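Novice: Residues per chain, in single letters:
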Amino acid sequence: MNALLLTLLAAILAALIGLGGIAVAWPALARRTALAAAVAAATGSLLALLALVIDSPQAVIPLPLRLAGFPCQIALDPLRAFFAALVLAAGTATLGCAAVVKSSPPSGTAPVCLGLLGFALLGADGFVAGAALAIAGGALWASVPAERPAALPLGVFLLASLMTIVAAAAPPQARFWATLAGPGLLAGLAPFHAWLSQCNRVTPAPSAALLSGAVVPTALFRVLQLLPGPGSDVPPAWWGVVLVMLGTASAVIGGLDATLAADLDTAVASNTIRQSGLTMLGIGIALGATAADLPGVATMALAAVLLLIAMQAIGGTLLALATTAISEAAGTQRLDRLGGLVHRLPVTTACWLAGLAGLAALPPSAGFAAVWLLFHAGLGLPHAATLLSQLLRGGWIAALGATGGLSAASLVRLVGMACLGRPRTPRAAVAEEPPRLARLALLALASAACAWGMFVGPLLIRLVDPPIRALTGAVLGPIASGAGLASGADTPGYAALPLTVLLLLGVGVIVWLRRFLGIARATASGPAWEDGFAAPPAWLPFGEPTAQTAGAGFAPMMPAAEPDGLLAVQRLLFAARRLITRVTLITRVTAERRQPGGSASSRMTRAARPAMPGFAAPALILLVLAALLIACAAASTWSAPT
Amino acid sequence: MSLLAALLAQLLHTALVLAAAPFASGLRRWTEAVMIGRHPPDPRQPWRDLRRLLRKQPVVAENASPVLTIAPLVCVAAMALAAALVPTFTLGMAFAPMSDLLVLGGLLAGARVALALAALDAGTAPAGLAAARAMSLGCLAEAVLLLAILALGLLGGTTNLDLLMGQQRQGLLQPLAATVLTAIALATIAVAEPGMEGQATEFSGGDLALATFADQCRQLIWLNLIAGLFLPWGMAEPDGGLLAWLGGALAWAAKVLALMVVAAAIHCVAGTLRPGRRPVALGIAAALALLAAIVVLASAAAA
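Protein chains in written order, with our numbering: chain A, 1 to 642; chain B, 1001 to 1303.
Next up, chain A with everything else stripped away, as it sits in the complex (with noise of 0.2 Å):
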């Protein structure tokens, strides 16, 4: 049965990169093939949901390619399934919000990106998942305006391929660090995590989109695959400690992020670096528990990891897809420029709300959910150990508290003021709703977000044990419940479902109260009160645009954050050509002088220019393909004696 599926799904990624060429060779067929390659894509995802849910054994064809001696394969089984059916869904409203877009025709690239990323799931070996990694990233890279700078978003794309090609061959210590340098940085580990922000920014929508909900997601699947299968070796501890501390270096990083930033794009991809640390941090402990036999703790880091990922591609689209609403709508993506867009957007404003909501650590969402198993993970971690892993653990556990609530902080920054208030710029005072099939696809999403939240349990034993039982070999059992989710057998836990029903009991009740005791009656509206100052003269028709808090004291008092590393590496590169530049410069001023007639003036500025060769970016690319192909080679030798 696996079999037929990986087959229809393999046709169903190849016609989503077959109607990107299309789109590419005819422009004019742009908004046909995209809303086709969403039908795709939704059919795919139907199809890995049936592959999740039926359960059935691992399903491994070949490739019509063979290459540097790899088999090329790719595969089916529960985990990839998963992955496969959130990955697709995801593009699947992609799509459908690029092809209604107003402003621009949508680009062939998002269709292609996605086919690719497809592949880079289901591919069995590491060449395969690879190889379609690096044109997915090329892909991507594509669909940037030429004017705006992606070299380094490119340049992670290649390295997380080969990374996977070399973690797919390498003996254990080796994958465990190409597997942090390549899906590791793609995934936005912290100290590396500021190329997202920056990608996310250049990037058109559907990229933006594919970014957060399918390349994220991707990413962390083949972290992942540091966990040991059933009967294979147990790694070291200090892997998951490693983990453990990157991935809330990135969760509080990327919550602070969220709370800081001054315009949407950063915000989203702050919560995606956030998020994509809460699931490092779950693998970190599933890593520490396996390599303690614990496997119950395991499991239950496990059931957070998926939980998030799942929320990071249901969320994260939600979230990118809204802030290309909001930006289409109101003409600017920087929040002191927003404001009041719940009267004109109420619709992307609940979906907004909604999404952020989903990601934040507040019952009955499904980020309590993964916080509140991340945090039962870590009480179930051996008490009997070294003072430095205790404080490591308290450590981690003040984090989990602190980037849940900038989470909360940030969702009500963000929704507060993009959405709430006095609209600040005329603009935005008249934004206009997105097209029926984007809110369509927006309330699909926001709805989706809702119901991981509420139905937390039932969906925990469909759809993530047999992915957990696929890569560990352990069982869910009593953790999810119908109700809810508990820490072991016979013990209470969050009741997820009987909490958010009290609430709205709670609300009802409130509210038939009023009217039953006749309170509610029918209100009056008047002017803000606005601490006695006068009214705002009649050429600011939106009251004074700098008397609306501005977005600024979210976050909790911090000492000035380091610089991001890879920033630093490239403000180094930038200072060392600065020598360079200087040096060359001396060295010819020095000369000329010495020369009589030249006029060191002019030759000055000409030299001060110092131009960037043009076939610098294609002899990179041509340089990190080269090491792709060495990659291989020393992959497969490393392989041949296994």
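Hints are computed from structural coordinates only; laboratory data are not their basis.
Hints are supplied without guarantee of correctness; some may be wrong.
Stated by the list, open to error - What follows is a list of derived Cβ distance ranges for each label pair:
#1 B:Asp-1049 <-> A:Phe-533: 26 to 32 Å
#2 A:Ala-11 <-> B:Ala-1301: 55 to 61 Å
#3 A:Ile-54 <-> B:Val-1280: 21 to 27 Å
#4 A:Ala-451 <-> B:Val-1261: 35 to 41 Å
#5 A:Pro-536 <-> B:Val-1261: 17 to 23 Å
#6 B:Leu-1257 <-> A:Phe-533: 51 to 57 Å
#7 B:Pro-1275 <-> A:Thr-523: 39 to 45 Å
#8 B:Ser-1299 <-> A:Gly-473: 54 to 60 Å
Given the structure is predicted, the values throughout are model-derived calculations rather than measurements.
All C-beta atoms in this analysis are idealised placements derived from N, C-alpha and C, irrespective of residue type, glycine included.
Given chain A's structure and the hints, the job is docking chain B onto it.
Specialist: Okay, now just chain B, sitting in the frame of chain A:
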């Protein structure tokens, strides 16, 4: 306890706490006034204020959205649910399996978010600034709360409030040093946690009554939590009868009053905790909670 009795206990408990919340607020002001030597206000004054506000017609800002109307409802619903989850006079109530400490923290955070969104809705400067302050302080409070819950979870092996209180009654939450440290940490969070100060400027009439009531509930929830977790005497057993419930209710009233007197005394001697000092207080609470967790683990390793 039969299901019916558990349901009855839950209903009585919820009604008792919700009715007591404004009264507790009035009593706190009364105690403080008496200690300072001022003429004390009537303890029933908050009730009267709520009744007066409920009779008034709400006036909302012209540019306000439905958020301003919905937010107080969500805020009160979350607070009432949180109040229903913290046991007062008996254990084993109907919601006992749901009364998780993390859920409690989450509900408090949810109410805070609803209030902050409403504060930003009308687009006025002071309320917006107050919302930003409350949210940024909330980040720290939540981190410290999770550390305190970690210490309690390590002490009792669970985060369920009903089970933890039952264990405390039987003297199972050992070592005592860790319990005391956690109690001080929780009390510090209760003092430093952001309330509704400055955020309710756009509410009026019934909405203001709801928001005020939610804040009064929040204060009583913290008192109930500390009284139940660290002073569990007199609380009825899960299968206790009506008489045991009555005894439990009297003991609860005495405990809450005693805590209030202590809080008022500290307030009179040390003054109010200034907003700028709250992060420092939370930092101290974090250190205490972490210390409590380490004490638990050290004693577990020694045993």
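Novice: Of the hints stated earlier, which fail here?
Specialist: Violated hints: 3, 4, 5, 6, 7 and 8; rest satisfied.
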